[in-house]
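From first to last, the protein sequence lines are chains U and P.
Counting in my numbering, the first sequence runs from 4 upward without gaps.
Counting in my numbering, the second sequence runs from 427 upward without gaps.
Hint data in this document are derived by calculation from the structure and do not stem from the laboratory.
For each residue, glycine too, the CB sits at the ideal point set by N, CA and C.
Be careful, since some hints might not be right.
[Said to hold, decoys possible] Quick list of the computed label-pair ranges, beta carbon to beta carbon: (1) P/653 - U/44: 54 to 60 Å; (2) U/34 - P/703: 48 to 54 Å; (3) U/172 - P/464: 39 to 45 Å; (4) U/88 - P/514: 50 to 56 Å.
[As the list claims (entries may be wrong)] Computed, partial: chain U to chain P, Cβ under 8 Å: (5) 79; (6) 84; (7) 124; (8) 129; (9) 163; (10) 177; (11) 178; (12) 291; (13) 304; (14) 324; (15) 325.
[What the hints assert, rightly or not] Output of the computed footprint for chain P on chain U, the stretches with three or more beta carbons under 8 Å from beta carbons of chain P: (16) 110-119; (17) 228-235.
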Amino acid sequence: MALTQALTIGIDIGGTKVAAGVVDPEGNILDRLRRDTPTKDPKETEDAIAETVRDLESRHDVIAVGIGAAGFVDGTRSSVLFAPHLAWRHEPLRDAVERRLGLPVVVENDANAAAWSEWRFGGGQGESHLVCVTLGTGIGGAILNDGALQRGKFGIAGEFGHMQVVPGGHRCECGNRGCWEQYASGNALTREARELALSGSPVAHNLLRRADGDPRNINGPMVTELAKDGDPVAVELLEDVGRWLGIGLANLAAALDPGTFVIGGGVSDAGELLLAPAREAFKRTLTGRGFRPEARIVRAVLGPEAGLVGAADLAREEATWLRRVRVKTSAVTAKTAARSGRSARLERVARKTAGRRTGMRVPEPESLKEPTEFELKEPAELKGDTEA
Amino acid sequence: MGLSIGIDVGGTKIAAGVVGADGKIGARSHRDTPATSVDETAQAIIDAAAELIAEHKVEAVGIGAAGFVSADRSTVLFAPNLAWRDEPLGERVGAALGVPVVVENDANAAAWGEFAFGAAKDVEHMVCLTVGTGIGGGVVIDGELLRGAHGVAAELGHMRVVPGGHRCGCGARGCWEQYASGSALVREGRALAESGSLAAAQMLSVCGITDSSELSGPMITKAAAAGDPCAVELLDDLGRWLGEGLASIATLFDPSTIVIGGGVSAAKQLLVKSAQVAFEKNLPARSNRPHPSFGLAELGNDAGIIGAADLARRRESAR
Ligand SMILES: [Zn+2]
Ligand SMILES: [Zn+2]
Numbered sequence: 004m005a006l007t008q009a010l011t012i013g014i015d016i017g018g019t020k021v022a023a024g025v026v027d028p029e030g031n032i033l034d035r036l037r038r039d040t041p042t043k044d045p046k047e048t049e050d051a052i053a054e055t056v057r058d059l060e061s062r063h064d065v066i067a068v069g070i071g072a073a074g075f076v077d078g079t080r081s082s083v084l085f086a087p088h089l090a091w092r093h094e095p096l097r098d099a100v101e102r103r104l105g106l107p108v109v110v111e112n113d114a115n116a117a118a119w120s121e122w123r124f125g126g127g128q129g130e131s132h133l134v135c136v137t138l139g140t141g142i143g144g145a146i147l148n149d150g151a152l153q154r155g156k157f158g159i160a161g162e163f164g165h166m167q168v169v170p171g172g173h174r175c176e177c178g179n180r181g182c183w184e185q186y187a188s189g190n191a192l193t194r195e196a197r198e199l200a201l202s203g204s205p206v207a208h209n210l211l212r213r214a215d216g217d218p219r220n221i222n223g224p225m226v227t228e229l230a231k232d233g234d235p236v237a238v239e240l241l242e243d244v245g246r247w248l249g250i251g252l253a254n255l256a257a258a259l260d261p262g263t264f265v266i267g268g269g270v271s272d273a274g275e276l277l278l279a280p281a282r283e284a285f286k287r288t289l290t291g292r293g294f295r296p297e298a299r300i301v302r303a304v305l306g307p308e309a310g311l312v313g314a315a316d317l318a319r320e321e322a323t324w325l326r327r328v329r330v331k332t333s334a335v336t337a338k339t340a341a342r343s344g345r346s347a348r349l350e351r352v353a354r355k356t357a358g359r360r361t362g363m364r365v366p367e368p369e370s371l372k373e374p375t376e377f378e379l380k381e382p383a384e385l386k387g388d389t390e391a
Numbered sequence: 427m428g429l430s431i432g433i434d435v436g437g438t439k440i441a442a443g444v445v446g447a448d449g450k451i452g453a454r455s456h457r458d459t460p461a462t463s464v465d466e467t468a469q470a471i472i473d474a475a476a477e478l479i480a481e482h483k484v485e486a487v488g489i490g491a492a493g494f495v496s497a498d499r500s501t502v503l504f505a506p507n508l509a510w511r512d513e514p515l516g517e518r519v520g521a522a523l524g525v526p527v528v529v530e531n532d533a534n535a536a537a538w539g540e541f542a543f544g545a546a547k548d549v550e551h552m553v554c555l556t557v558g559t560g561i562g563g564g565v566v567i568d569g570e571l572l573r574g575a576h577g578v579a580a581e582l583g584h585m586r587v588v589p590g591g592h593r594c595g596c597g598a599r600g601c602w603e604q605y606a607s608g609s610a611l612v613r614e615g616r617a618l619a620e621s622g623s624l625a626a627a628q629m630l631s632v633c634g635i636t637d638s639s640e641l642s643g644p645m646i647t648k649a650a651a652a653g654d655p656c657a658v659e660l661l662d663d664l665g666r667w668l669g670e671g672l673a674s675i676a677t678l679f680d681p682s683t684i685v686i687g688g689g690v691s692a693a694k695q696l697l698v699k700s701a702q703v704a705f706e707k708n709l710p711a712r713s714n715r716p717h718p719s720f721g722l723a724e725l726g727n728d729a730g731i732i733g734a735a736d737l738a739r740r741r742e743s744a745r
């Protein structure tokens, strides 16, 4: 089997469900598994991952595993520093799973994984400066700069749902007030709709009827459905969320200047009901408008499986790269390292540049002398690559 | 070997210097910025560089200018102070000098100077703020300057921090630089004095003035350094706005170091301390993540020259 046709497994670990799939190089999911997430014990979560992989592996020949998890993943993509819905605290997930499976493993923040697949297979194709905004209960974010996922120093860049947009505004679980996700997310939509219904305003009549008279039954999809049916107040509620979305995007454009914003997540099901007011507010608040090129705002196309597909694709990149490194002698890297002066930093940067497109893990030269923990399949396959 | 020229095009002065690969400035030249004419400004830049090129063999010229610079780093799309609109500055200056020219946003150039040779020379992820009349931003990610898709990234001073807030020259309202810049400091100081505050009256007398319209940023900084409580409060407020804004920015970039430079940074710890305190209080998920360090810029007014020169040299050697 040629390497470029190799299959990988992508795993999306959510707060309640583990979704896994076997993914081909075109981003198609060939096989799927779902199970509950054991949230209390890190060991059990690890077991669940291993069992899922073994199950899929029994039916498919896979070369690597990518894990997307909600939480802070460190800069080397090996540990989960903190996961809000799981028991992981500084959990060295990659090495633990790699040891158990004997396959290369990549750990990635779920929003980053989703952004990667939108770039490779979805709404962001052909755009190397991409910002993905996932509107779920909160806001997930990812930044692709010049074709590379931005992780920042500690691996936690792109958490812009917690950028403050209203001083002293609504409380947020991050400990602050006025975070963007308190105004432009599914939770915000639900909160506003319930408040309106509770106020007893006659304009909320349809909304309340759809909720069987109880404001607590109101949720985001209900508002979106009503808006699609033309209910004016539901349209307004989505407009408000869209406006906040556009305002935040203008902030991000000032800082990041992307070519395209890809908007995904459950709230984006509202389509133009959300995006049209977002574009309007974006245009109205963008700094230097009229004197600068402006980013496009488009909808994500891959849906809830984007994270799984992205994690699988990142794992493929990693596996491909690891093979190349093993086939090449470590001499080149060692020579670079030997250059004096600010060599340590230069070398780090050089290694980063080598892995730039995906931000792939680049081992220290010493580690190349040691045999890696897993046996790499088909080394002959790569002979053609070594001259490159 | 490996000399390049860095040119900092300011609102009133054009400052140029010959910079070595070690980031040290040798010879310098200056011109006044002819505010009225686009052509005259380009000519003044050419003159300043030609004066240095006559005496030194240089490989490249880097120009740092306020405004939006195109992604190919040759055209100024828009400059607020200099009336440039889609000005092919790089081509023009390059043709006149016979040397490759790189144009860079001035705050980017200053940030790069601090990254390559100054306060952030040992890190790979940096956010640098040049706090003067406005806020200039520069971001380095993984050892590379962030330019974005169109070359106009890192305009951090125009992130909105107050809905419906103060008007800004960029056409928006409530931009960060309306709250955390030298202009904001002076505006607040004057407003306080005009309100009849006794503390402000005392501050004016410490500054040696009677008319609040004469109040300036450096005066407030000096009064604060001398312990005037009103001036200390004004700087404290400014620092708080800085720190709160930086907490939002940290969610985007996750930097290892934040560097604060520009005229207002003359207030040193009076400013940086309060900025850091506010930052620590406002960083989202602050108890569950590593925090970046804070530092003052080290290169002063030379950061732009050094950064522009180094960026120009790097592009030449990459060719
Ligand atoms: Zn928050
Ligand atoms: Zn502005």
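Each hint tested on the structure:
| no. | hint | verdict |
| --- | --- | --- |
| 1 | P/653 - U/44: 54 to 60 Å | holds, 57 Å |
| 2 | U/34 - P/703: 48 to 54 Å | holds, 53 Å |
| 3 | U/172 - P/464: 39 to 45 Å | holds, 43 Å |
| 4 | U/88 - P/514: 50 to 56 Å | holds, 53 Å |
| 5 | 79 | violated, 13 Å |
| 6 | 84 | holds, 7 Å |
| 7 | 124 | violated, 20 Å |
| 8 | 129 | violated, 12 Å |
| 9 | 163 | holds, 5 Å |
| 10 | 177 | holds, 4 Å |
| 11 | 178 | holds, 6 Å |
| 12 | 291 | holds, 5 Å |
| 13 | 304 | violated, 20 Å |
| 14 | 324 | violated, 17 Å |
| 15 | 325 | violated, 20 Å |
| 16 | 110-119 | violated (count 0) |
| 17 | 228-235 | violated (count 0) |
In the structure shown, a violation is registered for the earlier hints numbered 5, 7, 8, 13, 14, 15, 16, 17, in ascending order.
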